[in-house]
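**Student:** Okay, here's what each chain looks like letter by letter:
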Amino acid sequence: MSQLSERPAQAVVGVPLPHESAALHVTGEALYTDDLVVRTRDVLHAYPVQSPHAHARILDLRVKPAYDVPGVVRVLTSDDVPGINDAGVKHDEPLFPDTEVMFHGHAICWVLGETLEAARLGAAAVEVEYEELPSLVTVREAIAAGNFQGTGRHLEHGDVESALSEAVHVFQGEFEFAGQEHFYLETHCALALVDEGGQIFVQSSTQHPSETQEIVAHVLGVASHAVTVQCLRMGGGFGGKEMQPHGFAAIAALGATLTGRPVRLRLNRTQDVTMSGKRHGFHSRWRAGFDDEGRIVALDATLTADGGWSLDLSEPVLARAMCHIDNAYWIPNVRVDGQIAKTNKTSQTAFRGFGGPQGMLVIEDLLGRCAPLLGYDAMELRRRNLYQPGHTTPYGQPVRHAERLEACWSEVLSNGEIARRQEEIARFNAEHPNRKRALAATPVKFGISFNLTAFNQAGALVHVYKDGSVLINHGGTEMGQGLHTKMLQVAATTLGVPLERVRLAPTRTDKVPNTSATAASSGADLNGAAIKNACEQIRERLEQVAGGRLGISPHDVRFVDGIARGLSGDGVPWEEIVHSAYHQRVQLWAAGFYRTEGLHWDANAMHGEPFKYFAYGVAASEVEVDGFTGGYTLRRVDIVHDVGDSLSPLIDVGQIEGGFVQGAGWLTLEDLRWDESDGPNRGRLATQAASTYKLPSFSEMPQVFNVHLLEKAHEDGAVYGSKAVGEPPLMLAFSVREALRQAAAAFGPAGTSVDLPSPATPEAVFWALEKARSVQPALSLSGV
Amino acid sequence: MSTHLKVNGADVSLDGAGVHTTTLDWLRDRGLTGAKEGCAEGECGACSILVARPGIDSPTEWTAINACLVPVAALDGQEVITSEGLGTSSALHPVQQEMAVRGGSQCGFCTPGFVCSMAAEFYRPTRTACTGDGEHGPNGFDLHALSGNLCRCTGYRPIRDAAYALGEPDVDDKLAARQAAAPPPAAVTRVVSGDSEFVRPARLSDVLDILAESPEAKVVAGSTDMGVEVNLRGVRSPLVVAVDRLSELREFEVSDDQIRIGAALTLTEIERMLAGRVPLLEQMFPQFASRLIRNGATIGGNLGTGSPIGDTPPALLALDAQLVLASRRGERVVALADYFTGYRQTLKSPDELIRAILVPRPLAPLTAFHKIAKRRFDDISSVAVGYALDVVDGIVREARIGLGGVAATPLRATATEQALIGRPWTERTVREAAAVMATEGTPMDDHRASASYRSAMLGQSLLRFHAQQLDVEEVSA
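Just so you know, the protein sequences line up as chains A and B, in that order. The numbers in full-length UniProt numbering rise by one with no breaks, and the one at position 367 of the first sequence is 367. The numbers in full-length UniProt numbering rise by one with no breaks, and the one at position 262 of the second sequence is 262.
So that you can see chain A by itself, here it is in the shape it has in the complex (with noise of 0.2 Å):
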């Protein structure tokens, strides 16, 4: 066990305990970035001009009439920017593009008003005149164009020519599936004021303030040390804010030093719809062998990202979505090339999952075709080609814990009683030819690290006041995955003092300078080693005084539930201790830092160890399928999910449970449509409304929910043992597109391979179930 991860008696870790806001949260009084305007004098307000156009050039941008609306104050548009236009970090994405749009809905310019409703009015007198150039507006279009941007990219391990040459079995497939809205309940909204002394202040719902801080900075052409980020937290991020956040910023910084009055940059939902990146649909073309027992032997397959107009996030994203073709399953040859298409429409992003989920529905979708044409069940043909010890991936890196998988599998299936169900399902299929059940288990393994190793570290900050107080500040953001909470659990269990004593200060940059996005689920184990190192540099003084004080070796004290105590005897209250420090002058604050140990990638050769360790789970979920229209219920969902030893259990059940039914909404519900038409609204997302794009409501939760932490799950090497727990439940959600393919097969005769599109809309779903109860059984089994 190592220092990082081993757990003290009675820690605070460990604890099953509801998010540190919950009561400010049940009460309205938890104030996000919006909330903050009516707090603040003066606000203007500013609201932008969209592009009509999926790709035009600007030949003439008339601001002046927007000066006649009464009300507005500013029209913001590229000749104000003192620094750098651009809102990225490659230099790819104007903030005010000023000779041509690349997305219908982009923004060209931005409009101030000493009200919304003015700055509305405003920008719709704003007169921009156009001339449309052609758009590519799907990934094969751009395929088809040949226009990609960025770096492609190659992995390859053994030799898959020979392996599918001598392969038993050789199918070969495509796959579209579709990209997410994130639908975070809070839009982006950045809140701008200069400081006295010139210091930019900016109010940001933002995974990333460090970045935020960047580019505001470069596109004011300041120094980092001019501009201060806080998030106070965030309404939802999923990743939609690691990147998507800054230019908002930059636009209402830029604002409130024009015109020296704060600046509300609030996108309503539609412009958060039509402006923000989301995540990356992908195409994959793909050939897979197999052998006699039905084991994977070799794959072959070329990934392309939609990357949408710039890149943003792309590569990483295409990176470990290369990682993670694998899932859960030893594959000896494997050959991926990856690549990024450039279309007209907004800049894909970062989503929960980050490329992994694409990865790996490649896999899984590929797995779900073929069983049925191998004779295989599909859960038989799953575990059978599980990673085992001893197993390495693709690009180098040893599988550790592999056995945690089976371990995973073999307790969904006795917890969720899986073998009498399939029988239950078997004799109800038998007699209902109008409704079909179907069952069908998952395992999900996920990479925990920034594939770029220099973002894996962290700070934080920590105080202990004179009354024996707390206050922990780190780089992460609160964006309700309960980050804080946790924080607050390890700085108390680190220092030995109930949970009451520590107060949590809002992120910010100017506490803990440049950290990393609250991100690739990360944000626990890399702040929490920082507050456990700043937390243990305090401690340790402590105890040096502690031990003056009670008279035994420094070596002896403990601190538990806020008493310094001794091998035996009498302790000191924490409180007691901490005033005799001060009077000693002893240091009661520290730094602290943490940087993940062990990591190396060659992001060129795509191979190394990128990751420090993998999460694993599995979930077993059964649908029923009406096959009179192609609608389903989830009837029930069992998961078994390793998250290390739970740094705070109800947090981490919650986040499974919520993964799970975002991960579902995106492989069955939610429907991104482009108008990808020759008409006048080509490049025009048509879902850009909550009326539109339906997000999983109450009627979309599983009716029995049952996740269980896998137990005797330690992680050594993470802090207290815990193991990341934002992103790998998401991927749990394939087994219900599994279930749902597997329930449209069964309205044809035994053995019939679906091709099931995604996401499986109930429409999806009546098609597929149709072309299956068309099968003759006969032609059920020729390939893919």
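By construction, these hints were calculated from the structure, which means they are not laboratory data. Warning: the hint list may mix true and false statements.
What the hints assert, rightly or not - Quick look at which bits of chain B chain A covers, simulated, 3 or more residues with Cβ under 8 Å: (1) 29-38; (2) 107-116; (3) 444-453.
Stated by the list, open to error - A partial selection of chain B residues facing chain A, derived with a Cβ cut-off under 10 Å: (4) GLN97; (5) LEU150; (6) CYS153; (7) TYR156; (8) GLN258; (9) LYS374; (10) ASP379; (11) ILE395.
Keep in mind it's a predicted model, so treat the numbers as computed, not measured. Glycine included, every Cβ here is placed at the ideal spot set by N, Cα and C.
Based on these hints, arrange chain B on the given structure of chain A.
**Tutor:** Coordinates of chain B only, in the frame set by chain A:
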């Protein structure tokens, strides 16, 4: 005229509020930022608040509505409670307590809205303990109360558990006590801002006078449609006339030969007043938008918009309903089947108002409502079908089938009806009629569904309806 609104027990002046200022924006401008804007179209429920409305089972009922849709002027003289008014972080309301300790909040942004919707159900006078089923807790909590609230974080399970764990209000619960007293009366309101005017007249005759003189006036009841126009499309009607509290529009009478439903009754009120007397409508109600919308939306409003995808027209067409249209010129009764004349166009002239809906009795014995949508709770129909059949001695004597979502207007499936009437109610007849039904209307492709799926669903719907009559167990609702 002085206007005011009681918010969390305190009187607050409405002076200065604009005609098109939403209740949500007005509350937030006053520092009550608990209610949030998530979608501004009544789909997410993050703005949910409680309003003291005339009750059905107690004098007043706390009713949850979407604050983003309702102009604050429409609440003149009323009482509202927000999440801040239910409890504070140091003294949580029972609903807040359950949500907090069970992990019902993650990011917390949707939470105040969930809390208000849940509180309304907590206080529902008719909520009583039951055995529970897929959509009801052992405490009688109806999960549909939360169908208009979206959460992107939790996956809903802990929210359901919180709802199902609620007990009864304490004996000294002030909000429960408030329900026993009379509701605030409707105020007579006139608000002017800029070029716009909001009026709430006292009598129907006043409204009809306004419509006669200003036919461009926008008539508003629950504002669930107009609110979307205001928020998403920037529509700023110069004259808004509120009719939702007119007693002449809130009549409800059941006689031997008809049921008369006042046009300004909300879908929730009608559901509770009918209490299952019209099984076809009973099937329709839970599929109509969400509880938050049904609490505001009126049946007259749903017909008044003339939308081809409203959920009441297919049901009411099958029921052979009629409309009472009122104007200063008098009243007339028109058949709903004749009412829709084109895309969002109707027989109703600009000076007319829908006063009531008449449903003739006796009702046909075989009825059903089928709604095809991507999502089961709170979605807009791809296709909706209402059935009312009379089968005597195995022969179809009468058949009325109403369709929505497959043409520019709601319509009757007349060719299908003809293919059924006079023929035996057998699988063979149904298969042949289903083939006819699949050709009804002129469905189109859009983001909700393809034209071919819509056509297929028409045919499948009749097969499913027939199968439902044969074997209740076989077909899920």
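**Student:** Each of the hints needs a verdict: does it hold here or not?
**Tutor:** Quick rundown of the hints versus the structure:
no., hint, result
1, 29-38, "holds (count 10)"
2, 107-116, "holds (count 7)"
3, 444-453, "holds (count 6)"
4, GLN97, "holds, 8 Å"
5, LEU150, "holds, 5 Å"
6, CYS153, "holds, 5 Å"
7, TYR156, "holds, 4 Å"
8, GLN258, "violated, 33 Å"
9, LYS374, "holds, 5 Å"
10, ASP379, "holds, 6 Å"
11, ILE395, "violated, 25 Å"
In this structure, the earlier hints numbered 8 and 11 are contradicted, and the remaining ones agree with it.
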